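Q: Each chain, letter by letter, is given below.
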Amino acid sequence: MGACKVHIPIKSISIQNLKVGEMMKYTIKKDPHKDERVQEIIDISGQNIFSCYQCGRCSSGCPMAEFMDILPNQVFMFLQEGDVDTLLQAKTPWICAACFTCTVRCPVGLDLAAVMEAIRELQLRKNYDYVDPYNVEERDILPPIALVSNFRKFTP
Amino acid sequence: MAMKRIGVFICHCGRNIAGTVDVKKVAEEIGKREDVALATTYIFMCSEPGQKLIEESVKKYNLDGVVVANCSPTLHEKTMRNAAARGGLNPYRVEIANIREWAAWPHEDNPEAATRKAIRIINATIEKLKANASLEPIEVPVVRRALVIGGGVAGIQAALDLADAGIETILVEREPSIGGNMFRLSETFPTLDCPQCILTPKMNDVAQHPNIKLYTYSEVESVEGFMGNFKVKIRKKATYVDWDKCTGCGECLRVCPINVDSEFDLRMAKRKAIYIANEQAVPLKALIDENTCIRLQFEKKVKEGKIKPKKNVKICSKCADVCEPNAIHFQNNEEIVEEEVGSIIVATGFEVMPAEAFPELGGKYPDVLNSLQFERLLAPSGPTAGIPRRPSDGKVPESIAFVHCVGSRDPQSGVPYCSRICCMYTIKQAMLVKHALPSTAVYDFYIDIRSNGKGYEEFYHRAKEEYGVNFIRGKVSKIYKVGDKYRVQGVDTLTGRIVEVDVDMVILATAAKGSEGVKDLAKKLRIPYDEWGWLKETHLKLKPLETPVGGVFIAGAAQFVKDITDSVSQGSGAAAKAMALLSKPQLEKEPLLAKVDPEICAGCGRCKDQCAYGAISIDPVRHVAVVNEALCEGCGACSANCPTTAIQVVNFKKGQIIRAVDVLAEVF
Ligand SMILES: Cc1cc2nc3c(=O)[nH]c(=O)nc-3n(C[C@H](O)[C@H](O)[C@H](O)COP(=O)(O)OP(=O)(O)OC[C@H]3O[C@@H](n4cnc5c(N)ncnc54)[C@H](O)[C@@H]3O)c2cc1C
Ligand code: SF4
Ligand code: SF4
Ligand code: SF4
Ligand code: SF4
Chain Z
4 MGACKVHIPI KSISIQNLKV GEMMKYTIKK DPHKDERVQE IIDISGQNIF
54 SCYQCGRCSS GCPMAEFMDI LPNQVFMFLQ EGDVDTLLQA KTPWICAACF
104 TCTVRCPVGL DLAAVMEAIR ELQLRKNYDY VDPYNVEERD ILPPIALVSN
154 FRKFTP
Chain V
14 MAMKRIGVFI CHCGRNIAGT VDVKKVAEEI GKREDVALAT TYIFMCSEPG
64 QKLIEESVKK YNLDGVVVAN CSPTLHEKTM RNAAARGGLN PYRVEIANIR
114 EWAAWPHEDN PEAATRKAIR IINATIEKLK ANASLEPIEV PVVRRALVIG
164 GGVAGIQAAL DLADAGIETI LVEREPSIGG NMFRLSETFP TLDCPQCILT
214 PKMNDVAQHP NIKLYTYSEV ESVEGFMGNF KVKIRKKATY VDWDKCTGCG
264 ECLRVCPINV DSEFDLRMAK RKAIYIANEQ AVPLKALIDE NTCIRLQFEK
314 KVKEGKIKPK KNVKICSKCA DVCEPNAIHF QNNEEIVEEE VGSIIVATGF
364 EVMPAEAFPE LGGKYPDVLN SLQFERLLAP SGPTAGIPRR PSDGKVPESI
414 AFVHCVGSRD PQSGVPYCSR ICCMYTIKQA MLVKHALPST AVYDFYIDIR
464 SNGKGYEEFY HRAKEEYGVN FIRGKVSKIY KVGDKYRVQG VDTLTGRIVE
514 VDVDMVILAT AAKGSEGVKD LAKKLRIPYD EWGWLKETHL KLKPLETPVG
564 GVFIAGAAQF VKDITDSVSQ GSGAAAKAMA LLSKPQLEKE PLLAKVDPEI
614 CAGCGRCKDQ CAYGAISIDP VRHVAVVNEA LCEGCGACSA NCPTTAIQVV
664 NFKKGQIIRA VDVLAEVF
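Chains as they are written, first to last, in my numbering: chain Z, 4 to 159; chain V, 14 to 681.
Quick caveat, the hints were computed from the structure, so don't treat them as lab data. Because the structure is a prediction, the values reported are computed rather than measured. Keep in mind that a hint or two might mislead.
To be verified - The list that follows gives simulated cross-link-like pairs (lysine-lysine, PhoX-like), each with its CA atoms no further than 25 Å apart:
#, chain 1, residue 1, chain 2, residue 2
1, V, 488, Z, 28
2, V, 38, V, 130
3, Z, 37, V, 498
4, Z, 32, V, 38
Said to hold, decoys possible - Computed footprint of chain V on chain Z, listed as stretches where at least three residues anywhere in the stretch have a Cβ under 8 Å from a Cβ of chain V:
#, segment
5, 45-54
6, 122-132
7, 152-158
What the hints assert, rightly or not - Computed far set for chain Z versus chain V, every beta-carbon distance over 12 Å:
#, residue
8, 68
9, 94
10, 117
11, 141
Note that beta-carbon positions come from the ideal geometry of N, C-alpha and C, so glycine has one too.
So that you can see chain Z by itself, here it is in the shape it has in the complex (with noise of 0.2 Å):
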């Protein structure tokens, strides 16, 4: 069987292709505890993000974040700032395989992984695809339970 091949259309711009400055500085406009999507997330997840105190053990111990564009600590720190905006455009949410080794390991007895859903269900809530069902390469080789976990993920 060859490898799985999923084409993984990025409809979300990765924060690589921000524009140079906009990275590099943040403005906090307002308290991030009065954010209202911080607040959100809040809620969908059930973690208070602002008991983080960024020990980075999360990151230390996560599979994907080699792969990652934020790595889950940051992923706090972003929060914490009220910048839901970057995080809504960077791939680390959809890159977490959700497999709680940060939630298991968080030293503050944070659920990292349910963080990292409530960041995606943000998006999914649009009515947003992370994945192209039409759109999945190969779509008849794979086996049908990983285009199911695939679309129960990436799409509302």
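For chain Z, the structure is supplied; the task is to place chain V with the ligands on it using the hints.
A: Using the frame of chain Z, we list chain V with the ligands on its own:
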């Protein structure tokens, strides 16, 4: 009489010495000397069997002198002297030959040379020892009273402990009230109790304790004498008010027309020219600031002849007019009092750098404050009743930024060390802002959070998890005004981006330093200090409360900035040290002091000029130098400068030293 039956004990120090020096060979060589009755080795001379070996050998071989070849005399000279004394030998007939630090350690790579050097060091020590005299310790009487300088929480604790132990204690505080910096605080980490509530009982105890004599608004003028017998002059500064009569009613404050910045409130509030330090001051007494009072300024100018008093012009005396008990007399009542004490505790505390010292961080703006000023704005008893307001316009801030490590950990523009308490108090202040103003946004810029005390890390987590404080990791580099706001230009090193935020107020956690003027005080006491004004302890780990001057101890933030818990512990610790000293009826002093041979002394006085302890005087009648044994520390500076060798330190006579040097230099 030179010694003839010397015992030499060579220590292996495990492998420290024996791993390099051939101790057996050393014993063999030394044993060949005619004046040596016994030369032996042992694995640890400092162990009990090692000491027993000395004790028994003294008896068995009837030794008249002992050399122990081991480590530095600072470690075990006393141990070995006591061991020999138990065997019946005068302890001053024992010398240490340091073959560990001088031979074994520096010549690890050349055991043969190390062994040769060890033999030579021992031979030189024997030559020195042979002319040692038997001596008895000198006894000096002790004044059973103590002086505590600085009435912050550390000094207060020390004074109370001493007084409770029945020791008459003098507490000198330079401000009009005791309490120190703790009394300025809003609430205290990590328990958030009210500092005034927990400190006032202690302050009142000080004022009422029958064994405590309190001098506030006073400073130490001079210190003379030595451990057990200090003579201290204290300057009580002019208050222009009779404190025996003043009831602290505050009527005078209400009528005085002059407003100036309050020292206690660190410019966050005004006070009058006649003032009481704060509402809960101990003692609660009014005093007049001679530099701002209209009347005193007028009188001064008249005295200096700068103005001529016109007739029938009434100069302000509003305060005196309303003072019921007639306490205000406008007379300069400065006074010098003298006290004798046996021990001194220095607890002069610390200060934080002013915001103005950091113009790049907006220190010149009115709404950019240092942390201690902000404590006043957060204090329920403070000028804004605990609701912080902008000094510039009285507005309640909608956003506040805190900046950690301002001047700390920054040898380029501040101090090299971490100021240790600022992470915690900044977190506390951030929490208190949230208490007072729940909707105000709080940004806390830090390099890393140092929360290493009991309950401290938990306190930090509470701020993060429950209080809604925004923590951003990175040092702020610039703060400037944009319209009505202050733009904080920082960085988030965790996401790797510059972070900018506009806020209404900025609080700088500026570096701590030793109290202003502490260096002058330290000079009077002859105790060492560092360039930042921290008083130096004798040993950072094992003697943190001691100073090189016998009988003088340090406590609290004067040694290095610390939190209240540690300051109080050190206050009690220093008091215990002083008690140990003062509980003896007599003090024993090493008899290794300078002695003058009046037959040779020419009375030139060179020795007197050299003595750092003021122990030498010239007898005007006999015209010879005289040593005050109680003051002499036996340092030998005098002896080195005497042109006639008339003054010499006992058991360090010139002949002894020269013979030892001859051996070391191998010029027989
Ligand atoms: C902004 C801020 C917030 C803080 N918050 C907390 C907190 O929440 N919890 C906590 O545990 N700690 C806190 N601290 C630390 C606390 O203030 C200190 O631990 C405490 O004040 C140290 O007490 P001290 O007696 O050693 O020194 P100080 O309080 O500095 O007292 C020294 C006293 O000596 C006097 N003095 C100085 N020189 C002389 C002299 N030459 N002659 C006579 N008298 C002299 C001074 O006037 C003063 O009264 C805070 C510190 C700061 C700056
Ligand atoms: S759940 Fe996601 S973020 Fe967490 S360790 Fe697994 S892959 Fe990484
Ligand atoms: S392991 Fe937990 S506390 Fe540490 S950085 Fe990750 S989420 Fe934050
Ligand atoms: S004399 Fe006048 S100015 Fe001076 S303290 Fe009294 S009221 Fe104030
Ligand atoms: S205690 Fe914290 S804020 Fe203060 S110097 Fe140390 S690291 Fe910086």
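Q: Does each hint fit the structure? Answer for all of them.
A: Here's how the hints hold up against the structure:
1. 488/V to 28/Z: 15 Å, holds
2. 38/V to 130/V: 12 Å, holds
3. 37/Z to 498/V: This hinted pair holds, its Cα atoms lying about 20 Å apart.
4. 32/Z to 38/V: 80 Å, violated
5. 45-54: Since three or more residues must qualify, the claim that chain V covers the segment 45-54 of chain Z holds, with 3 doing so at under 8 Å.
6. 122-132: violated (count 0)
7. 152-158: violated (count 0)
8. 68: Correct as stated: the minimum Cβ-Cβ distance to chain V is 15 Å, above 12 Å.
9. 94: About 16 Å separates residue 94/Z from the closest Cβ of chain V, which puts it past 12 Å; holds.
10. 117: 17 Å, holds
11. 141: 38 Å, holds
Violated hints, in rising order: 4, 6 and 7; the structure is consistent with all others.
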